[in-house]
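Asks: The sequence shown begins at 1 in UniProt numbering and counts up by one.
Treat the hints with care, as some may be off.
The calculated lysine-lysine pairs, modelled on BS3-like cross-linking and capped at a C-alpha distance of 30 Å, are [unchecked claim]: (1) Lys106 to Lys132; (2) Lys210 to Lys226; (3) Lys249 to Lys226; (4) Lys137 to Lys106; (5) Lys219 to Lys179; (6) Lys238 to Lys226; (7) Lys249 to Lys218; (8) Lys210 to Lys238; (9) Lys263 to Lys226; (10) Lys238 to Lys263.
In short, the hints are calculated from the structure, not lab data.
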Amino acid sequence: MRLTPAQLAEKSGSPAALAESPEIVRLETLRQAITHVCTRNYTNMDFNTEEGTHLRRRDCVVCDDSIAIGDLPSLTDCEHRPETCAGCYADWITTQLQGSTWREAKCPGSDCDVVLSYHDIRLYASSETFEKYDTFKARALINEDPDFRWCPASGCNSGQIHTTGVAGNIFTCSGCGSKTCVVHENTWHEGESCADFDNRISGRKQREQKAQEEASLKKIKELTRKCPGPGCDWNIQKNDGCDHMTCTKCGYEFCWICLCDYKKVLRTSNAAHARSCSHWRL
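All chains should be modelled from the sequences, with the hints used to inform the complete structure.
Replies: Quick look at the structure:
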């Protein structure tokens, strides 16, 4: 049976957890509740039951150090004998909890597929690794509630239950007071309904699209010319080189800047260019 964050806090019996509003769940409070529930059944358990474990020794299968059997970690659900030292276990857990594998961190035993329990990780992981794992687990539990939302404001770790039927589209964080639109996933558009906001944004997008199209046409006009040759209307693009152009379709030669017949330039002089052309010379 899945427990909601509020039910977990109640089941834990933690005074700190019960002091919170059932609609508001602080991450640190839920972490304390999870720790209380997941570890209270292990307080009196002794996993090293072999006689004389303080005298007998065994080599760690990872680092090969000789360790007293009583000092070898025993996982909650593993049936094989302890075979990995505490240091190697801590390193193994850190590696296993990286990325998306944190939910399925397994025993390092070669023939063991047992998934490490919350108690195992709390007992054998480094404090830094366990804190990260604890945060992952708390957030995963909270996120199972479809009505729960985290505050998107920078630096705020607060979250709460938000139902649009009660609170509408405005998510008001109980921790920092910031307001967010749950429809647009952005800062609340003060003074505008969601429909008004959509209309304004839609109009702005249309103007931006029109400006982009005009800029593209201008760029195309700058980079292309229609061949001025008789009966030819071929589009020509100039990528590099001089302004003496030759149409690849009809063979007409012309000046890229003023479109004059380049054969006239060759027969006479640069005076054949238009006077506005940078190549014109007397």
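Asks: Look at each hint and say if it fits the structure.
Replies: Hint check:
no. : hint             : in the structure
1   : Lys106 to Lys132 : 17 Å, holds
2   : Lys210 to Lys226 : 24 Å, holds
3   : Lys249 to Lys226 : 11 Å, holds
4   : Lys137 to Lys106 : 16 Å, holds
5   : Lys219 to Lys179 : 42 Å, violated
6   : Lys238 to Lys226 : 11 Å, holds
7   : Lys249 to Lys218 : 24 Å, holds
8   : Lys210 to Lys238 : 26 Å, holds
9   : Lys263 to Lys226 : 18 Å, holds
10  : Lys238 to Lys263 : 19 Å, holds
In terms of the numbered hints stated before, the structure departs from hint 5 and from no other.
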